[in-house]
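Peer 1: Once you've looked at the hints, dock chain B against the given chain A.
Next come the chains, spelled out residue by residue.
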Amino acid sequence: MTLPPPPVLELQGLQTHFFTHGGVVKAVDGVDLRVHAGEILGLVGESGSGKSITGFSVIGLIDPPGRIVGGHIRYLGEELAGAPERRLQALRGKEIAMIFQDPMMTLNPVLRVDTQMVEAIHAHEKTGAKAALARARDALAMVGIPSPEERLQAYPHQLSGGMRQRVAIAIALLNRPRLLIADEPTTALDVTIQAQILYEVQKLCRETGTAMVWITHDLAVVSGLADRIAVMYAGRIVESGATADVINRPSHPYTRGLVDSIPTRATHGTLLRQIPGMTPSLLHLPQGCAFRPRCAHATAACLAVPQAEPGPAGKTVRCWNMLVAETA
Amino acid sequence: MDTLLESPPLLQLKGISKRFVKGVDLAGRIANLLGARHRASVVHAVADVDLEIRPGEVIGVVGESGCGKSTLGRVIAGINPPSAGTVSYLGKPVAGMDAGERRAWGLGVQMIFQNPMASLNPRMRVLDIVGEAPVVHGLVKASQKAEYVGALMRQVGLDPDYAQRYPHQFSGGQRQRIGIARALALKPRLIVCDEAVAALDVSIQAQVLNLFLALRREFDLTYLFISHNLGVVGHVSDRVVIMYLGRIVEVAPTETIFSAPNHPYTQALLSELPTLETTRRAYQPIQGELPSPLAPPPGCAFHPRCPHAMPRCKVEAPLLRTLQPGHTSACHLNDPPT
Numbered sequence: 466m467t468l469p470p471p472p473v474l475e476l477q478g479l480q481t482h483f484f485t486h487g488g489v490v491k492a493v494d495g496v497d498l499r500v501h502a503g504e505i506l507g508l509v510g511e512s513g514s515g516k517s518i519t520g521f522s523v524i525g526l527i528d529p530p531g532r533i534v535g536g537h538i539r540y541l542g543e544e545l546a547g548a549p550e551r552r553l554q555a556l557r558g559k560e561i562a563m564i565f566q567d568p569m570m571t572l573n574p575v576l577r578v579d580t581q582m583v584e585a586i587h588a589h590e591k592t593g594a595k596a597a598l599a600r601a602r603d604a605l606a607m608v609g610i611p612s613p614e615e616r617l618q619a620y621p622h623q624l625s626g627g628m629r630q631r632v633a634i635a636i637a638l639l640n641r642p643r644l645l646i647a648d649e650p651t652t653a654l655d656v657t658i659q660a661q662i663l664y665e666v667q668k669l670c671r672e673t674g675t676a677m678v679w680i681t682h683d684l685a686v687v688s689g690l691a692d693r694i695a696v697m698y699a700g701r702i703v704e705s706g707a708t709a710d711v712i713n714r715p716s717h718p719y720t721r722g723l724v725d726s727i728p729t730r731a732t733h734g735t736l737l738r739q740i741p742g743m744t745p746s747l748l749h750l751p752q753g754c755a756f757r758p759r760c761a762h763a764t765a766a767c768l769a770v771p772q773a774e775p776g777p778a779g780k781t782v783r784c785w786n787m788l789v790a791e792t793a
Numbered sequence: 348m349d350t351l352l353e354s355p356p357l358l359q360l361k362g363i364s365k366r367f368v369k370g371v372d373l374a375g376r377i378a379n380l381l382g383a384r385h386r387a388s389v390v391h392a393v394a395d396v397d398l399e400i401r402p403g404e405v406i407g408v409v410g411e412s413g414c415g416k417s418t419l420g421r422v423i424a425g426i427n428p429p430s431a432g433t434v435s436y437l438g439k440p441v442a443g444m445d446a447g448e449r450r451a452w453g454l455g456v457q458m459i460f461q462n463p464m465a466s467l468n469p470r471m472r473v474l475d476i477v478g479e480a481p482v483v484h485g486l487v488k489a490s491q492k493a494e495y496v497g498a499l500m501r502q503v504g505l506d507p508d509y510a511q512r513y514p515h516q517f518s519g520g521q522r523q524r525i526g527i528a529r530a531l532a533l534k535p536r537l538i539v540c541d542e543a544v545a546a547l548d549v550s551i552q553a554q555v556l557n558l559f560l561a562l563r564r565e566f567d568l569t570y571l572f573i574s575h576n577l578g579v580v581g582h583v584s585d586r587v588v589i590m591y592l593g594r595i596v597e598v599a600p601t602e603t604i605f606s607a608p609n610h611p612y613t614q615a616l617l618s619e620l621p622t623l624e625t626t627r628r629a630y631q632p633i634q635g636e637l638p639s640p641l642a643p644p645p646g647c648a649f650h651p652r653c654p655h656a657m658p659r660c661k662v663e664a665p666l667l668r669t670l671q672p673g674h675t676s677a678c679h680l681n682d683p684p685t
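In the order they appear, the protein sequences are chains A and B. First residue of the first sequence: 466, per the numbering used here; consecutive thereafter. First residue of the second sequence: 348, per the numbering used here; consecutive thereafter.
Isolated chain A, as found in the complex:
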């Protein structure tokens, strides 16, 4: 028997805290995750749930007053939490790449696309200018940009929003990363453009075996894309498992509430089953389970923090009163 290969990314009890004047903001507080090669993990949560900070922690982009205060980040078994900056720099943009929500954050507005792409290649490898340009062109073609030769000559402002995001994705793919972290890359795009990008990204992951973490607030986007889903609430993962098991048979009351909150044609004319209240401030989290004040199933046990326990269908659930599977 051979040991299975280590997951591309493994987070264990990751804690990223921000030490502000108002107090300690526990943006990420004990997150466990695993992503294997060729797998797409959807990390879902509302604003302030810590999903983006989890992504930034992996790639080492946490600035003061933020700090990773505990836990492990293992990339192919190698510990990245507390790794020297030089090592992180060698990995960033080469083996681990990130796509951001706003492509104008990634792209330099005063440099042509080809300059930026060749720069990204030369930062990690010594190749000739011609070879680098050819690779840049191939990357653009791979993400579905028509006439890539011409686009290489363009400045970012000459491209539409969808095109810019494709260029940002192409830059992330330039050095054939093994792990891709995508932070809401389609949120600002129109539905038809979003569908095009989702389609391309899914194809790329299958073909190249890249592991991906897709961070989003929209359960509907990842339900057709991800292999597994992890739902975050107030800095913790409350439920994770195979996509179908999480969405069709949610075990955590918060996941259930999220699924019920999505308006569709089927809910026409009826009131949505809404979650009462709002997301708590991370500075003043309620005692015990952070979802307790909004939860219809809360009991006295919820005053203690629930641990991540194995749930039905191989899921991991953080709840004292897991929902019994009911057909949705």
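There's no promise every hint is true.
Partner residues are not named here, just some residues of chain B that face chain A (Cβ under 8 Å, in silico) [claimed, not checked]:
id	residue
1	Glu411
2	Ser550
3	Ile551
4	Ala553
5	Asn557
6	Glu565
7	His582
8	Thr601
9	Phe605
10	Leu620
11	Pro632
12	Glu636
13	Met657
DMTMM-like cross-link-like pairs, simulated, lysine to aspartate or glutamate; straight-line CA separation at most 25 Å [stated by the list, open to error]:
id	chain 1	residue 1	chain 2	residue 2
14	A	Lys491	A	Glu774
15	B	Lys492	B	Asp506
16	A	Lys668	B	Glu636
17	A	Lys668	B	Glu624
Here are a few chain B residues that sit away from chain A, every Cβ distance over 12 Å (derived from the structure) [stated by the list, open to error]:
id	residue
18	Asp372
19	Phe460
20	Pro535
21	Phe566
22	Pro645
Quick caveat, the hints were computed from the structure, so don't treat them as lab data. Don't be surprised by glycine CBs; every beta carbon is placed ideally from N, CA and C.
Peer 2: Just chain B now, with coordinates in the frame of chain A:
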């Protein structure tokens, strides 16, 4: 539905167009003297739109960014005057209204905007944001303002004790509720909601959508619900209007739009709508992007992206045709073969 079809329209649009013109600037005019050919650039944000809004219904307007849906909403709310066409409120064209009727139109049609931080004055207290207009228009006496605002705040799910607070002291969902209270304060018949829930988190969005439905029942409201999200529109609307590059391409009852979409663009939008289905969808997404409204393609504006495009689509713009009562679509595929 039949009764809805028969009742007279609350608001009617006939041949509405809205053009935004950017003239040639001084440098351009000088260059023109030297032989350059700078022309004024014209954006046809809304082109030739006919629409009837009947009392009590919820109309969803769906389209991608730049399709003119927000401009249409602003024309209806009277914020931007149309470049051509007539808006009629309660059967009377706006152009021929006397002062009293014009005021009734202005108060009767209110708007809720996408970004409450940009549409609420940050230096005014909630009491004044909500209460100023009804006092100015004589709907309530100044002495009863606090009471009136308090009642409205309760109706939209805000604690009346917060009336002395400023907008920045509220969360995003609460701010949107202030915007709703402000619109309700003038006792409107029609509310234009321009992406009113787009910026909210899913759980908050559900709360606000529920509030919209509850208020509709309570005040007998009519909504024009503008959104890019077909899921939201399918949830709230009775009828759906699909827009593409300033034109209406399809209008139908919500059921029909989802079960039997006619226009290829509507079909594409529906197949690309993310849903909670966990089966991996293996479709070929629609190609290309929305063309610039500065230079719309000739003929049918959708033809460069349309899988069914014919030579005719490149020259001749299709007209809206009635397929069934209440269901119209603008596509050459519906024409009888000649």
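Peer 1: Against this structure, judge whether each hint is valid.
Peer 2: Hints, one by one, checked against the model:
Hint status for Glu411 of chain B relative to chain A: holds, with the closest Cβ pair at about 4 Å, below 8 Å. Given hint, Ser550 of chain B at the interface with chain A, holds; its Cβ is 4 Å from that chain's nearest Cβ, closer than 8 Å. About 6 Å separates the beta-carbon of Ile551 of chain B from the nearest beta-carbon of chain A, less than 8 Å, and the hint is met. Here the hint on Ala553 of chain B is kept, as its CB sits about 4 Å from the closest CB of chain A, short of 8 Å.
Because the closest C-beta pair between Asn557 of chain B and chain A is about 5 Å apart, less than 8 Å, the hint holds. At about 13 Å, the closest approach between the beta carbon of Glu565 of chain B and any beta carbon in chain A exceeds 8 Å, and the interface hint on this residue is violated. At about 3 Å, the closest approach between the beta carbon of His582 of chain B and any beta carbon in chain A falls short of 8 Å, and the interface hint on this residue holds. A least Cβ separation of about 6 Å between Thr601 of chain B and chain A falls short of the 8 Å threshold, and the interface hint therefore holds.
Annotation: Phe605 of chain B was flagged as interfacial toward chain A, and the flag holds, the nearest CB pair being 5 Å apart, inside 8 Å. Interface restraint check for Leu620 of chain B: the shortest CB-CB distance to chain A comes to about 7 Å, inside 8 Å, so the restraint holds. Restraint check, Pro632 of chain B versus chain A: the minimum CB separation of about 4 Å is within 8 Å; hint holds. The criterion of a C-beta within 8 Å of any C-beta in chain A is met by Glu636 of chain B, whose closest approach is roughly 6 Å, and the hint holds.
Interface restraint check: Met657 of chain B against chain A, minimum CB-CB distance 21 Å, threshold 8 Å, status violated. A threshold of 25 Å between alpha carbons decides the hint, and for Lys491 of chain A with Glu774 of chain A the separation of about 21 Å falls inside it, so the pair holds. Distance check on the hinted pair: Lys492 of chain B and Asp506 of chain B sit about 16 Å apart at the alpha-carbon level, within 25 Å; holds. Restraint check for Lys668 of chain A and Glu636 of chain B: satisfied, since their Cα atoms lie roughly 20 Å apart, inside the 25 Å limit.
Our distance criterion of 25 Å between C-alpha atoms is met by Lys668 of chain A and Glu624 of chain B, whose separation comes to about 19 Å. With a closest Cβ-Cβ approach of about 20 Å to chain A, Asp372 of chain B is found to remain outside the 12 Å limit, as its non-interface label requires. The claim that Phe460 of chain B is not at the interface with chain A holds, since no C-beta of that chain comes within 12 Å of its own (minimum 18 Å). Listed as outside the interface, Pro535 of chain B is consistent with that label: its C-beta sits roughly 22 Å from the nearest C-beta of chain A, beyond the 12 Å cut-off.
With a closest Cβ-Cβ approach of about 17 Å to chain A, Phe566 of chain B is found to remain outside the 12 Å limit, as its non-interface label requires. For Pro645 of chain B, the requirement that its beta carbon stay farther than 12 Å from each beta carbon of chain A is met, with the minimum near 21 Å.
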